[in-house]
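Chains as they are written, first to last, in this note's numbering: chain A, 80 to 293; chain B, 33 to 182.
Think of the hints as simulated: they come from the structure by calculation, not from any bench. All C-beta atoms in this analysis are idealised placements derived from N, C-alpha and C, irrespective of residue type, glycine included. Please note: incorrect hints may appear among the correct ones.
Unchecked claim - Some chain A residues close to chain B (C-beta under 7 Å, calculated; not the full set):
{"#": "1", "residue": "154"}
{"#": "2", "residue": "158"}
{"#": "3", "residue": "169"}
{"#": "4", "residue": "171"}
{"#": "5", "residue": "221"}
{"#": "6", "residue": "224"}
{"#": "7", "residue": "227"}
{"#": "8", "residue": "234"}
{"#": "9", "residue": "237"}
{"#": "10", "residue": "246"}
{"#": "11", "residue": "267"}
{"#": "12", "residue": "268"}
{"#": "13", "residue": "274"}
{"#": "14", "residue": "280"}
The primary structure of each chain is shown beneath.
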Amino acid sequence: MRTKDVNAAPVAMKPPPSSISREPSADVVARALEGDGDARQELVRQCRLPCYLLALQLLGNREDARDVAQEAMLRFFAHLSRFDPSRPVLPWLRRIVRNRVVDLQRRGRVRRAESLETSGPHGGAMQLRAMTLDPLQQAERRERHQRVWRAVQDLPPFHREIVVLRDYQDLAYREIAEVLDIPLGTVMSRLHAARLRLRCLLAPVGDGSGGGLR
Amino acid sequence: MRQMNTDCRRSFGEELLSGHLDGFLTHGDRQRVEIHLEECESCRRLYAELRQLRDVARSTPFLPVEDDLWDETPRGWLSLWARGLGLALLLLTLLLALGLALWQPSEEPPLLLGRLLALGSIGGIGLLLTSALVDRLRVVGHDRYREVKK
Numbered sequence: 080m081r082t083k084d085v086n087a088a089p090v091a092m093k094p095p096p097s098s099i100s101r102e103p104s105a106d107v108v109a110r111a112l113e114g115d116g117d118a119r120q121e122l123v124r125q126c127r128l129p130c131y132l133l134a135l136q137l138l139g140n141r142e143d144a145r146d147v148a149q150e151a152m153l154r155f156f157a158h159l160s161r162f163d164p165s166r167p168v169l170p171w172l173r174r175i176v177r178n179r180v181v182d183l184q185r186r187g188r189v190r191r192a193e194s195l196e197t198s199g200p201h202g203g204a205m206q207l208r209a210m211t212l213d214p215l216q217q218a219e220r221r222e223r224h225q226r227v228w229r230a231v232q233d234l235p236p237f238h239r240e241i242v243v244l245r246d247y248q249d250l251a252y253r254e255i256a257e258v259l260d261i262p263l264g265t266v267m268s269r270l271h272a273a274r275l276r277l278r279c280l281l282a283p284v285g286d287g288s289g290g291g292l293r
Numbered sequence: 033m034r035q036m037n038t039d040c041r042r043s044f045g046e047e048l049l050s051g052h053l054d055g056f057l058t059h060g061d062r063q064r065v066e067i068h069l070e071e072c073e074s075c076r077r078l079y080a081e082l083r084q085l086r087d088v089a090r091s092t093p094f095l096p097v098e099d100d101l102w103d104e105t106p107r108g109w110l111s112l113w114a115r116g117l118g119l120a121l122l123l124l125t126l127l128l129a130l131g132l133a134l135w136q137p138s139e140e141p142p143l144l145l146g147r148l149l150a151l152g153s154i155g156g157i158g159l160l161l162t163s164a165l166v167d168r169l170r171v172v173g174h175d176r177y178r179e180v181k182k
């Protein structure tokens, strides 16, 4: 019996790269509230990349992600006077980004999803960091990332967003429930359904054994 | 489509597998899942596949983008149309002028044709300038950070 695998429950996992975002300090937020230009600039610098990454993962293309991130920042500053500086900023911004994404999707104004590596001045939608693996392993790893990314973009929006929030953004269930404004119990069931669907999308054609990456 | 596994005697909802994977179960639920996974091969296989998918997603690296990404302003439809029409008009005018030059008619070309060529050139350049002006106005009008930047 493979108890070892079963018992390898994830307790302390390394966070995914896209989730690493520093929460702006309460001091910076407070100074921005007072109208400090430098503090506002600092807030923009700290917040727009996490907004952009979340939008990119939800929408799959740079242009829409950039627009959504910029609009999220605009709305944030428009309502900054009502913001409690003692509360974290990023959860609020995430919610704004997600709502804006939903608006775009409802109006059918989302551009086509890009591949994981596309040519462009910024190296494409995403760049894969150089890894300390041999070229073959790097290529295999890159291929796996590509496949999963494409499958995630093929998910229906309500499944895609929960997979992005959990597996790419590393949010806790409670945080996901806040962003999506759904009950905590619904998070687990919806996430599981999304993962099963993702697994189906990645299943080799004609193979009834299920999904996974081989 | 996956066949339903009739041998699985799971007494809890399958979503608890995801809960266990993410470490968000109560102690009691975690134990139930772990005991079941020890006994059920199909659930163990499903669990391993879900974990693999999660791990691949989590390990996808994203690099920061350069600051000038935020300076790009998408062109509007007016600018694009003006630019396209302007270029097309200029090209047409150029081809017409080239054709005349190659044909070298024995008589003086009609005045109307000359006026058309002049109109085409002016119109094409005008449309291109309009496109540039619209872009400039769009950048100024949509400088999303003018309230934030110094």
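Structure-based check of each hint:
Interface hint at residue 154(A): violated, since its Cβ lies 11 Å from the closest Cβ of chain B, which is beyond the 7 Å cut-off. Checking residue 158(A) against chain B: minimum C-beta separation of about 13 Å lies over 7 Å; hint violated. For residue 169(A), the suggested interface contact is broken, since its CB lies about 16 Å from the closest CB of chain B, more than 7 Å. At a threshold of 7 Å, the smallest CB-CB gap from residue 171(A) to chain B is about 17 Å, leaving the interface hint violated.
Using the Cβ-Cβ criterion of 7 Å, the hint placing residue 221(A) at the interface with chain B is not satisfied: the shortest such distance is roughly 10 Å. A cut of 7 Å between beta carbons decides the hint on residue 224(A): the least distance to chain B is about 5 Å, and the hint holds. The closest approach between the C-beta of residue 227(A) and any C-beta of chain B is roughly 5 Å, which is under the 7 Å cut-off, so the hint is satisfied. With 7 Å as the threshold, the beta carbon of residue 234(A) stays out of range of chain B, its nearest partner Cβ sitting at about 12 Å, so the hint is violated.
For the restraint placing residue 237(A) at the interface with chain B, the shortest Cβ-Cβ distance is roughly 15 Å, beyond the 7 Å limit, so the hint is violated. About 4 Å separates the beta-carbon of residue 246(A) from the nearest beta-carbon of chain B, less than 7 Å, and the hint is met. Taking 7 Å as the C-beta cut-off, the interface hint given for residue 267(A) holds, the closest approach to chain B being about 5 Å. Among the interface hints, the one on residue 268(A) holds; its C-beta lies about 4 Å from the nearest C-beta in chain B, closer than the 7 Å criterion.
Annotation: interface hint on residue 274(A) holds; nearest CB of chain B at approximately 5 Å, less than 7 Å. Evaluation of the residue 280(A) hint against chain B yields a violated restraint, the C-beta minimum of about 10 Å exceeding 7 Å.
When held up to the earlier numbered hints, the structure conflicts with 1, 2, 3, 4, 5, 8, 9 and 14 and fits the remainder.
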